[in-house]
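The task is to assemble the complex, starting from two chains supplied on their own in separate frames and drawing on the hints.
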Amino acid sequence: MDIDTTLAEARERIRACDDAAALKAIEREMVGKDGVVSALLASIPSLPAEERRAVGQGANQLKQAVLDAVAERTAALESSAVEAQRGAGHFDASVPAPAVERGSLHPLTRVTRELEDQFLSMGYHVLDGPEVETDFYNFEALNIPPDHPARDSQDTFFIEREGEGPELVMRTHTSPVQIRAMQRLTPPFRAIAPGKTFRNESVDASHEHTFHQMEGIVIGEDISVGHLIGAMKTLLRGIFNRDLDVRLRPGYFPFVEPGFELDARCPFCETGCSVCKRTTWIELLPCGLVHPAVLSAGGLDPERWSGFAFGLGLSRLVMLRYGIDDVRHLLSGDLRFLEQF
Amino acid sequence: MLISYRWLARHVDLSNISAEQLGDDLTLSTAEVEGIEPFAPHLEDVVVGHVTQRVPHPDADKLSVCTVDAGAAGDGTPLTIVCGAPNVDAGQNIALARVGCVLPGDFKIKKSKIRGVESRGMICSLKELELGDDHSGIWVLPAQAPVGEAVASALDMRDWVIEIDNKSLTHRPDLWGHRGIAREVAAIYERPLLPLDLSLPETGDAAPFPIAIESDRCPRYTGLAIDGARALPSPAWLRNLLLAVGQRPFDQLVDLSNFVMLDLGQPNHTFDRSRLSAEGIVVRQARQGETIQTLDGEERKLLETDLLICSGDEPVALAGIMGGEGSKVGEDTSELLLEVATFAPATVRRTSSRLGLRTDASARFEKSLDPTLPADAAAHYARLLSELQPEVRFPAPLSDAGQWQDPAHVLELRPAAVHTALGKTLPDGELTSILTRLGFGVEAAGELLRVSVPSRRATKDVTIERDLIEEIGRLHRYGNLPERTLLAEVTPFQADPRRALVRRIQDRLAGAARFHETLSYSFMDVGWLERTGLDAGPWVTLANPGIEGLSRVRRAVLPSLFVGLERARRQRGDVRLFEVGKGYLPEHAGEDGQPREVHQLALVWAGTPPGKKARWDEPRLHRLHAVLEDLFASLELAAPCWGPLAGEQPGEQAGEQDGETPIWSHPARGFRAHWAGQDAPAATVAELDPRLARDLGLAGELASDVAVAEISIDALLVAPPRPPSYRALPRYPGLELDVAAALDAGSSAASVDEAIRKAGKGLVQDVSLFDVYAGPNLGAGKKSLAFHVLLQSDTRTLTDKDGSKFLGRLEKGLSALGGELRKG
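Here the protein sequences line up with chains A and B, keeping their order.
Per our numbering, the very first residue in the first sequence carries number 1; after that it's consecutive.
Per our numbering, the very first residue in the second sequence carries number 342; after that it's consecutive.
With the rest of the complex left out, here is chain B (with noise of 0.2 Å):
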């Protein structure tokens, strides 16, 4: 909201009292001061010019050609310029921007020649000058309009604009107009509020026109009959206040209307009362299927619950939001109804909510406005008018219809609740002074302050008692309250337990395994999901999405690292992501009827892909695996059973959708983690199936090489630690044997695996695999498995001899898997 300085000093005194320091304090005592500007500081750059000559332009018919003199702010040279305004004349005191001088929308003056004849300078248009929408001629200064001086102080224009943060006025309906921050300012400086006279000018004993109420959602309705009333310009005054807080000024009708809103925050409208109905005002509830044209030209569908100011049966304004086309005020009306209204803030907040129609009247009334007003306001407007036009007429008294009730109350304050909200104790003496000066009545009351409450301040600010300790501690200054120390009980802590696990993997993943982390968006693109194949649902869905198509709220983490891949990838050789976050599942809602939520660790490791020569354990899918091993171990996990994609899982029921391949995932490329004694895999790595990284876009020179895995950190958390355990150190020397066995394709690693254990009949201390080899030379469909292998005793040193029967007794194994120990 805007505030003008010179508008806030028709309340309350302001000398020696700079429009930055009322920023200040306002700031520091009631709302946010969002910042000060001069008003229209253009004006003090044009100055007055007087028309001394002026003769057509010799070339142009339309042109004229003048010679101002500037006054001391010219040169001594009257300035010769060409105009184009019908209206100049010599003898005229104008607006004069001279070369240099720079104009609103950044037009800055310079010398030009118009059709042959040097101008320097401009003489401006109200409209030029933002002063209004007038371009028809240019603005005539008064005759007494000291030429040479800026038109802002030779026509007394100097003001500050104050924008104050809507927000933080929400709760205060009494603070959307001058007259209600003026009370403030008067409260902070201890200055008295000026008085105005809101009692009504006389009314003539006609019949008050007639309003019926039908719907409770108007509390009170108030009608002024006016007659003789004419839509006159306003004067500078009333112009310039309205234009420093960015209203454009109209008529005296239209501009008294605004000025009383903005001076009491009060919204009114006027009727041409001779367009109404003889049945009078009739406020009620719009039905089904009705419509209303409202001033903006539009047709408006409107539904039962808006309220509608109807002329006998025909709306004629959407009640506290905008009026109607029908009984507009025109340029010939003098017959007017001035309707000041107060409405159910709820209603007016719901109706122009729906019809994305927000006033400066539906932001008053939605912040539940003093009943007691209307009457007030009425008679604001009234005098006002009258001393523009002594001659209007007011032939009826007030109209006054509505159950309103003023809810002003009273309220007990204890002064030692202050003293403990605050933190300090303030003398009685203070807490009366402040609360006086804001408006409330104070009456002490043994230990306790009874407090009246003021109707402007009753209808939903100030409700409870901490309401008062705000306004005392906001007038005393929270600044001045003394900072204090929380102390507590010191008790033995227990750390959040996934917060904790959260935080080892992230450390693990970001070092060890160097892959960066990334944060995204918990939205997914519907179109996306869909052109990815990635959109099985059910999805938790956005009814409102911010950006079209941005609406399903992911199930799970996985896929958002799959929507940059293809730039990451474009960017970079080898991409390592991982990212912590929580995936959500309607089907499984709780029973506050939200969606269950997962916590998700979702990892991708894309890049080049391996050469043809690459070693077996090269494709990021083996050392994804491996940074996962390395992840458990590090988090003392016991290690998990590592099984197949599909199929049936340890511990599992068959058929459980569980043990599906996941949609992302290729077919059989791909391991599971499952510990002893959970339903689900807690952990699934994958090669990227290949029909998606087409579809991410992974191809041609981007194909790539991509291993993903989701874990749950669900399951992490209940996973069964590793004990803690030791190995004594070896006593006697191992031996170091390299066997390699030559299979069919299809035999596992984890065949022969078991059948080196076996063999080495209890000395084997470690297996593992070092190299897969399949070549020509194995002949087709067979490979080779290597493994480093360690054989070692607790009680003697190992001999060659040993070293050959287990050799031997491997043979053996391995032919009864159908494969053979390779010599060499």
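Just chain A, same shape as in the assembly (with noise of 0.2 Å):
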């Protein structure tokens, strides 16, 4: 047998072979156990003397010269294979992600945790209040005493009672907090109070009998109006990501004096919209100095302490960040409302 012949044939078959398991059978076939190469070492001690050390050196030069041309074509192959592949022909890039199921966060979460951080941030603390509240807490530490006509824009639900307990109501804003900051916290302090509250209401897209607010509460020494003004504009400045022109006006709310409403510029419009109904402004916030019968009522010397107060209606700041159209979808449990936050 001529190993230079063997060895070109065998080079031969492995260029034309363009499989792997072919492959693979022709380096068997030659190198295997009982391959050309065993055969030949094999034959090796019927052989002369003199011709057995060239023919064991050729076996395996053969042997490497097989392996190495397996090698080279193997490699080929694959790159062969892999240039295949990146340049695979039409790929559609409109075909859209397959959907991985997720679950939500309800809006109301959302936003009041936006405003919880921000206050967080400015040392302000963060308070929770009974929603089935005393009428000293819902209206009478709020300067609004039994037959007073502010009672009537609060269209509040009262609570059954059964003998001499004090009278109970659902509460009608989160303003019963600012008392039990003041009770709970000791001054100079900072608190808002997110949470639920309810109004006997008719009700339809825009109105709502349990609706969210956020109230707040800032309590220290020689508070100003314009510490009011500062601090409205940097939390407008959080939920707007952006400086709007404020406007405070009179606005009547017995628990502050002097009381405020503050609007800001719509951030949706510049000439008028719905949101702002053509005013170019929207009502966001009453606000003003906390009156000094509650600082009294809550147990603070209005000698010594002053402070301000705001409230903020995040239903409404929800039904504005995300454009809902409809404030009942927020206590709805629709799941196609759920789902898109």
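Don't take every hint at face value.
[Said to hold, decoys possible] Over the 10 Å line for every Cβ pair with chain B, so calculated as not near, a few chain A residues:
1. R13
2. S43
3. A75
4. E114
5. T134
6. R242
7. P267
8. W305
[What the hints assert, rightly or not] List time: in silico DSBU-like cross-link candidates among lysine-lysine, alpha-carbon distance up to 30 Å:
9. B:K953 x B:K1123
10. B:K1099 x B:K1146
11. B:K508 x A:K233
12. B:K451 x B:K403
13. B:K765 x B:K508
14. B:K449 x B:K403
15. B:K765 x A:K233
16. B:K953 x B:K923
17. B:K403 x A:K277
18. A:K277 x B:K449
[Stated by the list, open to error] One-sided excerpt, in silico: chain A residues whose CB lies under 8 Å from chain B:
19. L105
20. H106
21. K196
22. A205
23. H209
24. T210
25. H227
26. G230
27. R249
28. P250
29. G333
No lab work stands behind these hints: they were computed from the structure.
Glycine is no exception: its CB is placed at the ideal position from the N, C-alpha and C atoms.
Shown next, in the form of structure tokens:
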């Protein structure tokens, strides 16, 4: 057998091979246990002594050459396979991504958290208060005695009373937490209190009997209207991510004196739109300096302490943020609504 | 409240101030202006026409065919108009609505054919123009009205109606009339308030009409006798002002009564004096069971707390709210008694709210009216009536009864307090100027200003120094105050643990567990609770539910998630919802009488039931259980003990109520989690009671596999934390084995777990159940539990020999349990 010829033939077959399995077969046939090289080596003892060395060397060279050729061909085949993958034909980039199932946080949770984080960063406490409130916290301590006309505008849900218990109501605003804050915290302090509030109103796309508010209260020494304006501007910057012009105008709330309505330039238009009722202003924050009688009711000396308070309609803010057209969606539990957030 | 621009101009010079400007300035300094509308804008389109000819309609008895000249508003050709009014005639000036004109009620005038005659326009009645109720005939305009001109300008009827938000006037009794608003306007623009003569015209010397006040709820009652008054139609200026503010003109006597109320803010009432008793007026509280028929025709049942105006003993008016039928002024009345009084605000408010009778008068009285005002208002009425009817006489001086006191008082104002509160130093001169313009008296007294509060502001509104600061701030304009930054010492912040916990719960559930967060009402419907059997109380209950039946304040959060479950299942094959909220338990009321508030997390996982060949862990009960395990681990809480639903819980007193199966739960299929040291279970996860599922409408095609869970946030807050721990990485490879045990169907997985750990002699690092199977090849009443087991040593590599020793021991352990190790 001529080793050179055998090698040349093997190389030719390897070069022509374009299939990994066939290549393995050739390799086995040449250098496997019962292969050509093994047969050659097995024949050595029967050869004349002077040929043995040459044949042995030749067999080893043949083996190495075949392995090299197979490896080379394998690499070539692999790389052409990779190239083939890279050059694969048409790809439709318009195919939508397969859906990943996900959960969601309620939009009220999202917006409340955003505000909480902002206030926490400015040293405010975040407080909670009961939804079922006493008349004292909801009205009296807030300078709204019985028979005060301001009680009318509150459309209160009253709780049925058995016996001589105190008058209970569903809280009509988050303002009772002002009093609870004064009782719980040592001044100076700053606090916000987001939560559910209730008004006995007829329900439509823009009115709900249950809605969310966020109260804020800052108590310190020599707190002025100027501080209130500064704090409210900071708040609005946080909400709308830009500076909005604001205006402060008189507003009447018995628990603040003076009381204000804070309007912001409509963030959605420049010349009037449905959100701002064509006025270019949106009424955002009732606020004011805490009334001395309220400080007293909360156990603070109005000669020493002063402060400001504000209320933010969270439900309304959520509707503004997402462009939600109907307030009733918020507490509907409708999955088609919840899944969007 | 509606304010007429023209009416205001009777009290203050408005030249160069547009209605819009006025609205903006009132908003910024006084009260919220909600809108400004032109008065009767359609009168710009309706023109003065002249009827040149009127002939009867050839085919209809009651119709006329008129030829109308529209002057410059026409095209030169006279218009033919068919008119049905009996009073139309040639030579009249009339209000002409041409083709294309739109009248109130979106009524567009079109060319039409009326019984064969083409009609090109309409001759209007007052009613059609919303200027009155008269529809008996057309509105005949004055002869001098220029033909062709718009009615609005020809009759000088242009006006603006400014709507002010009543809520922003709650504290200002003085602003419930035009003169009060005009006083603000005068102060804002630094213009004088025009004088108004409020002296009573000459009165005769007859004895004053007798008035007796028998209740402390009427501080003042004045009465003025008027003779010779006639119920004539009001002049145009009066009608138009009343129309502008939405009042229906009636006759002079009624219109002036309304005018005085809307001008000065003081309600008043006229009685037919000839129908009043000679004993005179008695103001007293009602007697139990007494009734009165009010002017609206309703019979009103009264309480002893209601205040009545009586003629002798006969009730003639509900004080401060509405007059009675009995002494109503009629067309033939000529002898009047004008009542102008002050009533206790709380009395008026309580009676009017109880009877649901809110009137212009009650709205004003409940704001605490100035008791000096009645005499002024009586004089105002008398003067205006004398101008319209010079022949009227006032036979007696004003009767004036009551123990009233002038509320005017003096307050001390510290300029420094003004500057501190506003955050800006204003010159003393500006403080004085503002207060003076608003009608306060100001006198310097050393460092202080002594400020006299006029009676109209003194009843309730301005009582402390801070109230004066508000006056200064609003007239200076809050927009002119500088913005200041809050400064405070920086102190380490303690976050509220519950809020922090809730946040982590929400994030884990909405994130890893893929649940949707929902928020529900705090109210539950009584009927729904009864239908679903979830009505076991006691409940906090609304006395005045807004929606019939929606009156229970929820005790727990979970049932809220049941309410919309049927709808959710119709929408989605798989529903995963959670809510964090509060429940209220009246049986655990606190010292202040408030029900105990419980904070809870509720979850529902509902969807298509798993198929027959479903894996053992496919039912949502197991998956929700896994969600909770994951949640607790993510909250870094120690692992709780899970136990059965009913019966004694670890650490619990036998027979305690908390050991009972929850009403919404399947009687057996559920788990409860409990942390050592806590009295009550912290979490319950269970399949929904199939009966409840049926009652919720989850039957038929909506039949569902529903797992629910209720977790006490309060319990999680005090649950023991998982201590920080670390296990060194293994140094030797472990031996993984799968073992399956065949046992009686009633035996527990926990017992097999225990047997495995025992057989491992300390080498068991991990045991996890991966299959539960029951089938014919096992035999009846048997089940198979299969576990992955990891054996591992810290000191050596384990061999197959260790494995077979373990299996040998396990075989014995299982047979002690009455089971066997399955081979294969």
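To see whether the hints hold, each was checked on the structure:
| no. | hint | result |
| --- | --- | --- |
| 1 | R13 | holds (45 Å) |
| 2 | S43 | holds (45 Å) |
| 3 | A75 | holds (35 Å) |
| 4 | E114 | holds (12 Å) |
| 5 | T134 | violated (6 Å) |
| 6 | R242 | holds (16 Å) |
| 7 | P267 | holds (19 Å) |
| 8 | W305 | holds (12 Å) |
| 9 | B:K953 x B:K1123 | holds (18 Å) |
| 10 | B:K1099 x B:K1146 | holds (12 Å) |
| 11 | B:K508 x A:K233 | holds (25 Å) |
| 12 | B:K451 x B:K403 | holds (21 Å) |
| 13 | B:K765 x B:K508 | holds (29 Å) |
| 14 | B:K449 x B:K403 | holds (23 Å) |
| 15 | B:K765 x A:K233 | holds (18 Å) |
| 16 | B:K953 x B:K923 | violated (39 Å) |
| 17 | B:K403 x A:K277 | violated (48 Å) |
| 18 | A:K277 x B:K449 | holds (27 Å) |
| 19 | L105 | holds (5 Å) |
| 20 | H106 | holds (4 Å) |
| 21 | K196 | holds (6 Å) |
| 22 | A205 | violated (16 Å) |
| 23 | H209 | holds (5 Å) |
| 24 | T210 | holds (5 Å) |
| 25 | H227 | holds (5 Å) |
| 26 | G230 | holds (4 Å) |
| 27 | R249 | holds (5 Å) |
| 28 | P250 | holds (5 Å) |
| 29 | G333 | holds (4 Å) |
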